[in-house]
Structure formats: C-alpha cells, structure tokens
Amino acid sequence: NAGVTQTPKFRVLKTGQSMTLLCAQDMNHEYMYWYRQDPGMGLRLIHYSVGEGTTAKGEVPDGYNVSRLKKQNFLLGLESAAPSQTSVYFCASNKEGETEAFFGQGTRLTVV
Amino acid sequence: AQSVTQLDSQVPVFEEAPVELRCNYSSSVSVYLFWYVQYPNQGLQLLLKYLSGSTLVKGINGFEAEFNKSQTSFHLRKPSVHISDTAEYFCAVREAGGYNKLIFGAGTRLAVHP
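Chains as they are written, first to last, in this note's numbering: chain A, 105 to 216; chain B, 421 to 534.
In the DSS-like style, the derived pairs of lysine-lysine whose C-alpha atoms are separated by at most 27 Å in a straight line are:
| hint | chain 1 | residue 1 | chain 2 | residue 2 |
| --- | --- | --- | --- | --- |
| 1 | B | 489 | B | 521 |
| 2 | A | 161 | A | 113 |
| 3 | B | 469 | A | 161 |
| 4 | A | 113 | B | 521 |
| 5 | A | 175 | A | 199 |
| 6 | B | 521 | B | 478 |
| 7 | A | 161 | A | 175 |
| 8 | B | 521 | A | 199 |
| 9 | A | 174 | A | 161 |
| 10 | A | 199 | B | 478 |
| 11 | A | 113 | A | 199 |
| 12 | B | 469 | B | 489 |
| 13 | A | 161 | B | 521 |
| 14 | A | 174 | A | 113 |
| 15 | B | 469 | A | 199 |
| 16 | A | 175 | B | 521 |
| 17 | B | 478 | B | 489 |
| 18 | A | 174 | A | 199 |
| 19 | A | 199 | A | 161 |
| 20 | B | 469 | B | 521 |
| 21 | A | 161 | A | 118 |
| 22 | A | 113 | A | 175 |
| 23 | A | 174 | B | 521 |
In short, the hints are calculated from the structure, not lab data.
Based on the sequences and whatever the hints tell you, model everything.
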C-alpha cells in the first residue's frame, strides 16, 4: 500500500518556466490537498479538492492552478514560476468522515 | 477563522529529560486539534489528535497532549525523550466539520542532545 505518492521529489526551475507536480493516492480518499512549507511559517494550504472534478482555493492560491480529473490524482501547476515559489510542497489526502490526513513525502522545488 | 501559535521555534533538551512543546490556538467555532511530527526529509506523521472527550490524549512514541479549552492550549509532552525524537513538531487545528482543512503552526524544532 503506497499511500500518498508525490512526483517529482526534487526540481529546479528557472524563473518563468512551468511545471506540474503530481500527487497520487491509492486509498480511495475523497479529499486531497496541496500545502507549501516554508521556514518559520509551517504548512499553508494552497488548493484543495473534495472530490473528482472539484477544486477550491486555500490560503495561498495565487500563482498556482490545480486539477482533479481522476479521484486518485491531484495535480498542482505552476504556469510561470517565480523565486517566491521556492518551497517544499506537500500533498495530503483524507477520507470523508474521518479525521486523519495522510501526507506524501514532499517535493522540494527551487526556482532560480 | 482559526490560527495556531507555537510558542517556541526551537527546544533543545538532553536525552532522558522531559519536554513540553507549547501550542495555543484561536477559533470562534469548535475545533479538532492535532500534533504532527516531521523527521528530516520526510513527510508529516500524525502523533495524536483531540476530537472530544477526555482532555488528555495519548499518542505514538510515548507522547501525550492535554487540551485546555479555557486557555485555548494543546501542549505536547513527553516524560523522557530519546535522540530519535529529534524532529520538527507541528500543531494543527481544523473546524469540527467542513472539509478537513488544517491550519498549522510555524513548527517547533526539538533537538535532543546526548
């Protein structure tokens, strides 16, 4: 049972480049989330999804887009990367009606 | 809206000593409270949670936390720490309902020294 898997694990981008981070969960969870982790700020919610085909904005959505075309996958896109988006990105999933969220191992993104 | 304040950014402690990591929260609605641990270069792992009932909750690895509604606190404690407890600890809160969106504190880095 893989749980929550994020790809890639590391990436370096140049300013203005685009990329997509993939999150896949095999637990049939309804809810999925993208967080970013920055030193001294904990984790902040970027976007989330409560089911296939749905997305909603979190606390810090600007500069990111998401899609959830399949229940098991939640994609985070950066259309034009900026140095301020240098961070560690975590995906999480949660079964509806349950309280525990499960986290992926993170993607370390550096924008130069 | 909810917010979480972790009062210490770093806590150094010697092995086998007790430790307390402090967390205060604010919310105008009922909340659930969580502590997560992050080992170096790892994702987050749930240590324990408070949903309702007994205010003292026990988690994995010998950790426990006490919910204090009047002081809006949820401090994490361990009576005797090990080197392996060195990690970053995050307190988090979410509404008792809704879509399980977690609000995290800034984290406390626990450094256990021999």
